[in-house]
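Fit chains B, C and D to the known structure of chain A by using the hints.
Protein chains: 4
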Amino acid sequence: MKKINIGIVGVGRMGSIHLENLVTKFTNARVLAISDTSPNVEALAEKYQVAKVYSQFESMIKDSEIDAVVICSPTDLHATHIIKAAKAGKHIFCEKPMDLSLETVKEVLEIVKIAGVKLFIAFNRRYDPNFQRVEKMVKGGKIGDPQIIKITSRDPGPPPLPYIKVSGGLFLDMAIHDFDMARFISGKEVVEVFSKGTVFIDKGIGDAGDIDTAATILTMEDNSMVIIDNSRKASYGYDQRIEVFGSKGMCGSENMLHDNHFHWDENGIHGALPMDFFMDRYLKSYYNEMDSFLNCLLNNTEPKPSGMDGLMSIAIGLAAKTSLQEGRTVKLSKLL
Amino acid sequence: MKKINIGIVGVGRMGSIHLENLVTKFTNARVLAISDTSPNVEALAEKYQVAKVYSQFESMIKDSEIDAVVICSPTDLHATHIIKAAKAGKHIFCEKPMDLSLETVKEVLEIVKIAGVKLFIAFNRRYDPNFQRVEKMVKGGKIGDPQIIKITSRDPGPPPLPYIKVSGGLFLDMAIHDFDMARFISGKEVVEVFSKGTVFIDKGIGDAGDIDTAATILTMEDNSMVIIDNSRKASYGYDQRIEVFGSKGMCGSENMLHDNHFHWDENGIHGALPMDFFMDRYLKSYYNEMDSFLNCLLNNTEPKPSGMDGLMSIAIGLAAKTSLQEGRTVKLSKLL
Amino acid sequence: MKKINIGIVGVGRMGSIHLENLVTKFTNARVLAISDTSPNVEALAEKYQVAKVYSQFESMIKDSEIDAVVICSPTDLHATHIIKAAKAGKHIFCEKPMDLSLETVKEVLEIVKIAGVKLFIAFNRRYDPNFQRVEKMVKGGKIGDPQIIKITSRDPGPPPLPYIKVSGGLFLDMAIHDFDMARFISGKEVVEVFSKGTVFIDKGIGDAGDIDTAATILTMEDNSMVIIDNSRKASYGYDQRIEVFGSKGMCGSENMLHDNHFHWDENGIHGALPMDFFMDRYLKSYYNEMDSFLNCLLNNTEPKPSGMDGLMSIAIGLAAKTSLQEGRTVKLSKLL
Amino acid sequence: MKKINIGIVGVGRMGSIHLENLVTKFTNARVLAISDTSPNVEALAEKYQVAKVYSQFESMIKDSEIDAVVICSPTDLHATHIIKAAKAGKHIFCEKPMDLSLETVKEVLEIVKIAGVKLFIAFNRRYDPNFQRVEKMVKGGKIGDPQIIKITSRDPGPPPLPYIKVSGGLFLDMAIHDFDMARFISGKEVVEVFSKGTVFIDKGIGDAGDIDTAATILTMEDNSMVIIDNSRKASYGYDQRIEVFGSKGMCGSENMLHDNHFHWDENGIHGALPMDFFMDRYLKSYYNEMDSFLNCLLNNTEPKPSGMDGLMSIAIGLAAKTSLQEGRTVKLSKLL
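Residue numbers (this note's numbering), protein chains in the order written: chain A, 1068 to 1403; chain B, 1068 to 1403; chain C, 1068 to 1403; chain D, 1068 to 1403.
With the rest of the complex left out, here is chain A (with noise of 0.2 Å):
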């Protein structure tokens, strides 16, 4: 069997998880080499056996060996490493956003299409079991039609400031995952978006431009519902429900837990906090999408997330910022 030969451009946090599964857990791929100028490369390199480590991206796609790439540079370099490595005819893993602009967003997947390339955005909560399963039901009539679906999305805690001066905001760096749910779950269209939003957590993140509490009501093309409350910081770990109600019944998920004990006192029945590390609480789903990714490029299939899906979540994120700002309702077809 052939083994696909990745390249993977930043090893940071995302892209050493991306690194360790390749490795550890597929047979299908192999990591050729990674590209990044941070200074502990070499010891990842030779950690995980990549034979090759290029400190410029650009030297890295012209390698002829490498059949795909993995960007997990910031998110102001996405736009620019698609562009190269699809002109390089290297297919394409992408960490989402793929940009705050959207018409570089419309350029980028131009050029992808051009250039024939396979682009997976990596939408990660998509491959999580617990939404996963959701989606099946609710694909599967379970609950009939779905007519207010609500998403609970809370972070354990803000990230640093500087990220969020540069990473959109709460809704493109953070909301950007459930607007996608929405049209996941729902496999519909958003129409309009309405968002309420305040700081309430740290005065920091409004001086530097965002929110950190919000609430939003998307209207989808078939006038169902989608409500998603977001939150920076839950004390009590991440919180991320989902819940559609239809017209045959209700299914949804709930939190995954540190584990399933529980403690009866005099007080109260106790049980344990939701995970609150992101690797814990969506391990699998990091396993998943990569799994998914490479037998895109094994059996030639369509990549899903795709690059519209992509484009359509950037799209919606935006439209919530200008309903914030503007204290009114957004049609999402303004913005496309």
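Because the hints were derived from the structure by calculation, they are not lab data. Hints should not be assumed to be uniformly reliable.
Stated by the list, open to error - DSS-like, lysine-lysine: derived pairs with alpha carbons at most 27 Å apart:
# : chain 1 : residue 1 : chain 2 : residue 2
1 : B       : Lys1092   : C       : Lys1092
2 : A       : Lys1398   : B       : Lys1163
3 : C       : Lys1206   : D       : Lys1270
4 : C       : Lys1114   : B       : Lys1114
5 : B       : Lys1163   : B       : Lys1315
Stated by the list, open to error - Anything over 12 Å on all C-beta distances counts as not near chain B; from chain C, calculated:
#  : residue
6  : Lys1119
7  : Gly1156
8  : Val1266
9  : Glu1333
10 : Asn1367
11 : Leu1403
Please read all numbers here as calculations on a predicted model, not as lab measurements. For every residue, glycine included, the Cβ atom is placed at its ideal position computed from N, Cα and C.
Leaving out everything else, chains B, C and D in the frame of chain A:
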């Protein structure tokens, strides 16, 4: 100990509940009279050993033995009945809503104030033990400052169309409970309302000018957000949940189920459905609210919920209707 | 419709419950008389408008208007009261246990049989909606053939020592409910009993010749095993659970909690405790068992639980005592 | 840092799990050799890049580079392999049980003691995060003094009959985990054993001289009681629960489910089944126990579970067999 003499007007569904509770469960009150034009009022009076039956409300309130009236007449008679009772010097327990017109409600409150009688508006859910427990936790600071409140409020089935045509619609006959709950749990006033809604369940509801499915975001005076979703029909029973997320944690209450059984087989783990009849689900609240009303009279304390609470919920409901119709946020201050 | 005329003997804790239920909730029965030597019997009679008060049980059963007696006298009077009532031709509702001697119980049943009156033994837990649901699932084949039944039965606190000294001890005053439940749920008879037990909670209980903590394995006629654990004191409330494991699955029922609230903070997820007062926990069962008894009389059907059910539970309790004392299994056939 | 050189004997189901874990997840150990007579051992060695393959265990333990052996051979070879490894000065990680004869086990422990090597018995469940959490709560005094411990231990399906014929039967191949768990959680020794059991699932199991369903009461040195129920087949998956009831409360752990989905429809509330494959259910425990073993060697600490832990569980298992056969309680002191 003095017993409070009660006259009940309207012994339909709600009136009968209060009648039975007062007769069988309270020792500090006596139902002295009932007034209703229904033919079976005599039978009810005999069953519950009520001494007097009045075909005319006006006659009942002239009865000098009567201390207080319980108003369970149709909504369009509430205002009239309150005004007459107040002018006759009777204390008043009135089913919600007082009226569909804010102007009328303001007049009613003015008359009540001048008459110096007590007016208790029967938002029974404030007296549900689950919601009371949530309110105590919130007020006791268990979750810090509330930031996001989520209210799920779905009925087992829609009311008859003729009722919908005169009820004021989903926001005034159903969500009004949730609007009151938002104020009750948070202890804060509503500043702004945004509502979306549609017809999914019964086209006839749409033809009657109403919706059957809705999503609302209330912005409170402290910028916290209350998210409410409503459906006229949950196939699995009465869905009545609340969740309060704050700076130090989260609290709330789950649905009340028919029983606590479990069943595990090859297909999954199965359990009981939520209660699907309002008299089962809210059984204790009807007792508790009456108990609270009687204690108000005996101890000369302020009724809760008050006439002002009744007015505020109606205002929020009217704002929600406007928001839905005009596709924009509505400031509550514009209506008050 | 004819009303059944009831005489209640003993209006202590249980007698008062039945009195209130009969007076306020049943239309097919009338409490005509109560008999008790307590000084407050007159006040009770007035409160519930009971026409007749008898200081002597013997006088009450001579009252030709009375159809049935409800026996809530102390345990050591049960047998005498049943015999006298039966001979007077009155139907009988009797609190458990009938007596602590199997010989006496056999005599009692013989006399009842000859008299042709109905005898209902008040194992109220058979009428708890949760346990009824479990029984229906088991009998309906939902879990195939039962193989292992587990009953958790722990009280919130021990009864007074003077009661323990005359009650027959843990196996006859407390676990007797669980022995009856084993037969009720499985529909099978007990063949063999093995019990272990000790004193953990109160040395005084040991001094009184009893235990406060026990574990029992009943072997049923179909070789299925019933495992019962008992404690006189669960610090967290009334712990009353059942679990039935069979060839096709498992079913059972969880505890009833005070409410359905939840609270998540940095220390964990917290919820309400189980109810800790028998009248709350088993509220519905007291109503339901009386309803069943009255329907027996009105429809001339066999009472359930019957006198024989009462006898079997006592036999199992006595076998458990012997097993504990002699450190061996005891065949039930040796006692019957 | 020094790496521990490991030789694995037996690369069947369990041996393969340890092989994969050691190769892909541990940096402080190296699998230097594997020994197995199976034809596919070479392929495994290549897949995991194991340098040496020995057809004879005796040859492998002569390899001076090897520090420790992981014994995953069939049960009847465990004792021989431990003895030979000990005499060769190798530390030992051995799958349970060591042997079915207490005499042999005692000899083995004596030889290990003289050799001065470490012996770790692989009761992996002690390293399951759920059970570890329970043990910590109990040892930390969260529930006061334990009084009743309940262990539910049911497999998704019976092992093959040929295995049952040589395994020592349900008490020694399956319940042995629960006997160890009783000692682990309570920190107390077993004094007396009573077991009942029968054949419900497969007549062939009975023909092989074994049972498939059992109930056991262990009396501990502090008079607390451990109640264990076992079944070879739970139709709904792996049922592995524990509950510890004590003077101040109760703690325990629930089953691990496939996922956290929920589904409400007209028939009830439905959720996921427990995991039904031991490698999923106990995934983390296999990693954790190996980590603990390696740390023992690196830090020169005592292995837990020790050889004595292995001996005690076998003794309890043999006592349970005697109790079942003779219908009486068995004192453990008689066997030791």
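Status of the hints after comparison with the structure:
The suggested pairing of B:Lys1092 with C:Lys1092 holds, with an alpha-carbon distance near 11 Å, which does not exceed 27 Å. A hinted pair counts as satisfied when its Cα atoms are at most 27 Å apart, and A:Lys1398 with B:Lys1163 does not qualify at roughly 37 Å. With a C-alpha separation of about 24 Å, the suggested pair C:Lys1206 and D:Lys1270 falls inside the 27 Å cut-off, and the hint holds. A threshold of 27 Å between alpha carbons decides the hint, and for C:Lys1114 with B:Lys1114 the separation of about 18 Å falls inside it, so the pair holds.
Distance restraint check for B:Lys1163 and B:Lys1315: the Cα-Cα separation of roughly 34 Å exceeds the 27 Å cut-off, and the hinted pair is therefore not satisfied. Non-interface call for C:Lys1119 relative to chain B: holds, since the shortest CB-CB distance, roughly 21 Å, exceeds 12 Å. Listed as outside the interface, C:Gly1156 is consistent with that label: its C-beta sits roughly 32 Å from the nearest C-beta of chain B, beyond the 12 Å cut-off. Remark: the non-interface label on C:Val1266 is consistent with the geometry, its nearest Cβ contact in chain B lying 31 Å away (cut-off 12 Å).
Listed as a non-interface residue, C:Glu1333 fails to keep its Cβ farther than 12 Å from every Cβ of chain B; the least gap is roughly 7 Å. Its beta-carbon lying about 28 Å from the closest one in chain B, C:Asn1367 satisfies the requirement of being farther than 12 Å from that chain. Even its closest Cβ contact with chain B, about 33 Å, leaves C:Leu1403 beyond 12 Å, as expected for a residue assigned away from the interface.
The structure is inconsistent with the numbered hints 2, 5, 9, although it conforms to all the rest.
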